[in-house]
Amino acid sequence: MKFFPLEKYNASLVIFPTEMMMANTATHRAALLRHMEQNTNRLIINLEQVKYIDSSGLSVLISALKRAQQQDGEILLLSPSAHVRALIELTRLHQIFSIYEDQDAAIAHFSCH
Amino acid sequence: MPLSSLSSMQAVTLSVLVVEDTDSERLYITQLLRQFGWLVQSLSNGQEAVDYLAHNEVHIIVSDWRMPKMNGIELCQIVKNHQLPPFVILLTSNNQTADIVLGIEAGADDFICKPFHPELLKVRMLAAMRIVQLQHHLSRNNQLLQQGLAKESALLSTLKQDLVSAAKVQRELLPRSKTLPRGWQLHHEFQPAHYLAGDLYQCFDLGDGELGFFLIDAAGHGVAAALQSVSLAQRLSLERTDWRGLSPQEIVNQLNRELSDPDNTGRFVTLLLGKIHTQTGELRLCSAGHPAPLLLSETDCAPLSLDTELPLGIHAAVQYQDQLIRLAPGARLLLFSDGAYECQHPKFGFFGLERLQTLCRNAYSLNDQDLLRHLSHALKLWQSGTTQDDISMMLITYPSANYANTALEAL
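The listed protein sequences correspond, in order, to chains A and B.
Start counting the first sequence at 1; every next residue gets the next number (this note's numbering).
Start counting the second sequence at 1; every next residue gets the next number (this note's numbering).
Next up, chain B with everything else stripped away, as it sits in the complex (with noise of 0.2 Å):
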């Protein structure tokens, strides 16, 4: 402790109570303390002691052993339940061990054979003091601590709370309809590493038989991220985009001019946005450093072979370019974010895209949904309890003929 708080701490004025029986004595140590310039109080035993405890506060104790109502020993004993005890010393007469071991085991802190010397009382008391100065001021100090976090407490559970309201609103701008245009089918799967997730994506109807769709996914993930990515979906708002006019390549290009980083975060944003023809399974797809997507067939998984340019946000002269991809009836198509396999586990490493490809191929009899639950608890249980970065999955189904006919046996 540095000495400067040492030396604040002697402004407080310490009182002193005294519990003698005999008036000669009490007399005798009122007076001498007094002298050295403490505040003393007196009293002629412990019970007198306990009631006068009850609505004064009293620093330190010196207190006879031997009295009539109440001893020195039960007055340690009552004294020390009190949350802030004082510090006590037992005057005694005898200086015998087994006394001075029931004196301690009772709670006094010190003693002072009688007869003594009025200086050996001093610096006893000097020391007292100390004591009790070094914990007045460790308990205020713990109870600015407690105050602080008390503070801190109710700042964060307000933090968290905006979190989960914010995590609600952002969840909102997810698709919310399972059924597409002529049998289509889409389902998706959100997991946000913390409450809000830098990644979203939306899948919707066109009109005139084209669905549109993108998936976006903001560096890093929380809360700034979270924002980038929501302004983004909103500004590729069937409201805010002209989808129908515009290609894939004239929407992400306009996007990408639009996009700057004023304080030089480094932010960028990797993209795919894509529009299909829902009766012919015309894919035209724009990627902006963003991972292929999956095909799934009946045969085979593997990614869709498709040229990317840098993410959005890095190089406004950057041309992005659509590309026309010709899907199969019964073809599922399966987006995702870097989340999906950049996952690590303490001891195995990397998931990795093959291990998710592997996954979709192996669980191909699956149905969409159930595909995706497969997939989402296999990455949950290669993180191992930690969530590292948001995970998006978007999956895209082509109905086939036989598809439509085992949904229509179902009924």
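Next up, chain A with everything else stripped away, as it sits in the complex (with noise of 0.2 Å):
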């Protein structure tokens, strides 16, 4: 997981492993978190590399979601494959996450939001 504090917003640019399962995911969402604490309540996580995710997986997004909820900010997700994102549709998450498939349309987001 590599992380990328953006200039403005609060925001940084998460980039998400290539698998997201229940031996890593505790690592990750400790990592997540923490530098959740350092003044960013926005994040645009990029789940382009992700191949596999379970639902210990998609648990560190809704982690993610309620500190970022608690600190009034947002998170985004930026282009997950077609797998993923069925994923995120089955369990109906991308109620609570909006998805971009654009970048800067994902920072634009911020800027009006």
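What the hints contain is simulated information worked out from the structure, not anything from laboratory work.
As the structure is a prediction and not an experimental result, all values here were calculated from the model.
No false leads were slipped in.
Computed list of lysine to any residue pairs in SDA-like fashion (alpha-carbon distance at most 25 Å, straight line):
1. B/Lys380 x A/Tyr52
2. A/Lys51 x B/Thr358
3. A/Lys66 x B/His315
4. A/Lys51 x B/Pro346
5. A/Lys66 x B/Ala316
6. A/Lys66 x A/His94
7. A/Lys51 x B/Ala292
8. B/Lys380 x A/Met21
9. A/Lys51 x B/Leu381
10. A/Lys51 x B/His194
Now the stretches of chain A that chain B is said to cover, found in silico as 3 or more residues with beta-carbon under 8 Å:
11. 19-29
12. 49-63
13. 81-92
Here are the simulated distance ranges between beta carbons:
14. B/Leu306 x A/Gln103: 30 to 36 Å
15. B/Ser157 x A/Phe3: 38 to 44 Å
16. B/Asp162 x A/Ala23: 18 to 24 Å
17. B/Ser177 x A/Phe3: 49 to 55 Å
Virtual Cβ for every residue (Gly too), placed ideally from N, Cα, C.
Starting from two chains that each stand alone, build the complex the way the hints lay out.
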């Protein structure tokens, strides 16, 4: 998982690794929440590289979302593969996450919210 | 190795054994070594040394080669069978290669040719001492590691036993009877990925011709997910939930409001919960982020078209809705957790819902139990030996007139 703080909006770009599974979710969750402690309440989570995500991987997204909401922030998802998108839609998580295909559009979202 | 640990080893006083048959030589070497500050014992042949070693700890032996009763080479051979053998310096009066080879083969660690300069003995002894100390340090560390390992193994086996008995407790919560009222049937398969599952399901007779059922899948698997699914299953038991008085959506909405996640672990639960009228086949079903069950009929196998909402435990304000579906006699309803199609093959990728559907379609003629076995076997092969997620499948069968007849004929 890699973090790239953006210049504005207390926002960061987060790149998720290829696998988000039971075995590594505790570490990723901790890293993500720690990053959000540093005055970051808006995240664009890039899912482009994610090949496999299970329910515990999705729970990392939920953790981030809950933390962001406590801090008046927001989580946007970027470029999930068809498979990951299908899983997100199956569990109806797209109702609570906005999904973008384009990074600039996601950043623009922050400027008007 | 850090210097600090080397210096801490120097606290050990090393004991030296001198074995030499010539009295004058023996006294000379013993005196010399004592001057250098070592703890020295001296004996006059190999046999005496062997007897002495049986009851005393010796770190370094300085032994003559030729001695009566037992010579230095024989002494080496015996000493090297000890578990932690002392360092042996052989004193020899010749410098012949053949002799040195013989000595090393016997297990000697070093040689000093007689006559020697006292300083030479001293530096050789210091070198020997370093090696002995390192050996002791290593063996002590090894011992500590072994002890630690034994402790961990014991702990692990206790934990394993706990998990095994916890898994038994969890299995107790699964449906027991295959027979439901009015000839309805229930079959199921339960395969936790690791002893305990985040999945749990139940189907029971509510009386008045009604069935109640649920299938829970708590995110992740293992102990934390299992605790959550077990507590939910208990919350949904007949004793604690008013299954008769409440509709599925009312039960699910209550449950969602109760679920909290104080540590923000992102825990969530997907759930299917419903009631079936056994006489009319009317199914009232509520889904919280769970994959739709498959409906198997003689002609087709397709997921129920089902609107679903977010999983439980994400938003307290979500309003879950019942959906009404009428099942036809002979229909089979397959409820399953995502483990039943999400698994991955190293080469062929995802198993996928469609594959599950195709399997069901092709295996339609199998009876209920065999169909579930067939599916779980296919999944097992797909996972190629690794268990990736909990797999649960529950098959609810609505009897047809034909089905009832065949059952009678079988009797």
